[in-house]
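Q: Taken in sequence, the protein lines are chains P and Y. The numbering used here puts the first residue of the first sequence at 496, with every later residue one more than the last. The numbering used here puts the first residue of the second sequence at 305, with every later residue one more than the last.
Calculated from the structure, these hints are not laboratory results. Please note: incorrect hints may appear among the correct ones.
[Stated by the list, open to error] Heads up, simulated PhoX-like pairs for lysine-lysine below, C-alpha to C-alpha not over 20 Å straight-line:
1) Y:K308 to Y:K485
2) P:K554 to P:K536
3) P:K515 to Y:K308
4) Y:K486 to P:K515
5) Y:K338 to P:K515
6) Y:K308 to Y:K338
7) P:K538 to P:K554
8) Y:K338 to Y:K383
9) P:K515 to Y:K485
In this text, all values refer to a predicted model and were calculated from it rather than measured experimentally.
Residue-level listing of the chains:
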Amino acid sequence: MAQIIDRILNRQPSSAHQAKERMRLILVHDRTNLSSEILEKLKDELIGVISRHIEVDEKGVRIEISQQGREQRLIADIPLRPATRRRLG
Amino acid sequence: MPAKVVTITSGKGGVGKTTATANIAAALASLGAKVVCIDADIGLRNLDVVLGLENRIVYDLVDVVEGRCRLRQAMIRDKRLPELYLIPAAQTRDKSAVSPSDMVRLCDELRPDFEWVFIDSPAGIERGFRNAIAPADLTIVITNPEVSAVRDADRIIGLIEAEEKGPPRLIINRIKLEMVKKGDMLSADDVLELLAIDLLGLIPEDEEVIISTNRGVPVALDGKSRAGQAFRNIAGRLRGEDIPFTELEDHQGSFLGQLTRFLRRGGG
Ligand SMILES: Nc1ncnc2c1ncn2[C@@H]1O[C@H](COP(=O)(O)OP(=O)(O)OP(=O)(O)O)[C@@H](O)[C@H]1O
Ligand SMILES: [Mg+2]
Numbered sequence: 496m497a498q499i500i501d502r503i504l505n506r507q508p509s510s511a512h513q514a515k516e517r518m519r520l521i522l523v524h525d526r527t528n529l530s531s532e533i534l535e536k537l538k539d540e541l542i543g544v545i546s547r548h549i550e551v552d553e554k555g556v557r558i559e560i561s562q563q564g565r566e567q568r569l570i571a572d573i574p575l576r577p578a579t580r581r582r583l584g
Numbered sequence: 305m306p307a308k309v310v311t312i313t314s315g316k317g318g319v320g321k322t323t324a325t326a327n328i329a330a331a332l333a334s335l336g337a338k339v340v341c342i343d344a345d346i347g348l349r350n351l352d353v354v355l356g357l358e359n360r361i362v363y364d365l366v367d368v369v370e371g372r373c374r375l376r377q378a379m380i381r382d383k384r385l386p387e388l389y390l391i392p393a394a395q396t397r398d399k400s401a402v403s404p405s406d407m408v409r410l411c412d413e414l415r416p417d418f419e420w421v422f423i424d425s426p427a428g429i430e431r432g433f434r435n436a437i438a439p440a441d442l443t444i445v446i447t448n449p450e451v452s453a454v455r456d457a458d459r460i461i462g463l464i465e466a467e468e469k470g471p472p473r474l475i476i477n478r479i480k481l482e483m484v485k486k487g488d489m490l491s492a493d494d495v496l497e498l499l500a501i502d503l504l505g506l507i508p509e510d511e512e513v514i515i516s517t518n519r520g521v522p523v524a525l526d527g528k529s530r531a532g533q534a535f536r537n538i539a540g541r542l543r544g545e546d547i548p549f550t551e552l553e554d555h556q557g558s559f560l561g562q563l564t565r566f567l568r569r570g571g572g
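Can you build the whole structure from these sequences, using the hints too?
A: Here's what the structure looks like:
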């Protein structure tokens, strides 16, 4: 709600909101010891491995850490190229 | 029943470990429980001052560990609360004078004679922290609603989990409701969501904490202070009572607030 009002009035998000968003990212990094560079590298390597077996839509690949309580999970969303295009090469 | 050993720790310094240890211990003792507090912050002793017992120290934790006195001789009895004892930290030594296994042995010796053993941990994640959590049956992590304190709390929670100590419980201290309302301070819900552990207590920022510390009388013994009430609530929850988290409600003085409190008490 506060955010909606902020947006209407074109105000900055509240400092508490900013703090929370920043903390979310910081804590994921602290808990997993994974930097965004390492995640990027992991993504490239994953694409490499999977492409050996099946064609993937590289631009659509998303890899992220999701949190549930204090548990983190590595989520990779890897769209595949449509089969027809695949066959045509 | 043998004592439960409770360690209060935080990672970051100055967030309220010593204040919380003194007040939760005093609140439990005022309810008639037999309580001993150990100041594990060797070299930076403070729990004695907060409890107002600084003039009565003869022996300390390191004297016990090194065998210069018997455990009983290092225990200072609080005259106001005869069931409350303090084992002070050494002031002129460093943390390496005590080991985690010394702490375990010491607590095993205390367990049969008490209901609660509270350990005031030093800041940091090194030896002093290791000493403090080694004998713990329960760890309490205390933080402030502020980015660096929350970050350090998260790190400490990770270390406690790695020690397989069981999930720690959280106290959020120095909450300024006015700032939270303006969106300028992380709310209790924000901090809880970030740290994702069970909540034990919420303590408002309260000048009475400083005033009572000046006097050497724990604020939990002051019937009117809001922080004191928050500490008494924590003591009750530790005893297994189901006390709702109403510490931050604006109930002081307002008729509606008093009415809600009255009704709630009647209903519970
Ligand atoms: N709820 C509160 N309201 C106002 N002041 C507070 C509150 N809690 C703690 N303080 C004050 O904050 C200061 C630090 O508290 P305390 O010494 O308990 O922290 P600590 O975590 O033990 O510090 P250290 O890491 O140095 O051992 C003290 O001056 C204390 O009086
Ligand atoms: Mg302290």
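Q: Against each hint, give a clear statement of whether it holds in the structure.
A: Quick rundown of the hints versus the structure:
| no. | hint | verdict |
| --- | --- | --- |
| 1 | Y:K308 to Y:K485 | 37 Å, violated |
| 2 | P:K554 to P:K536 | 15 Å, holds |
| 3 | P:K515 to Y:K308 | 35 Å, violated |
| 4 | Y:K486 to P:K515 | 15 Å, holds |
| 5 | Y:K338 to P:K515 | 40 Å, violated |
| 6 | Y:K308 to Y:K338 | 11 Å, holds |
| 7 | P:K538 to P:K554 | 11 Å, holds |
| 8 | Y:K338 to Y:K383 | 13 Å, holds |
| 9 | P:K515 to Y:K485 | 15 Å, holds |
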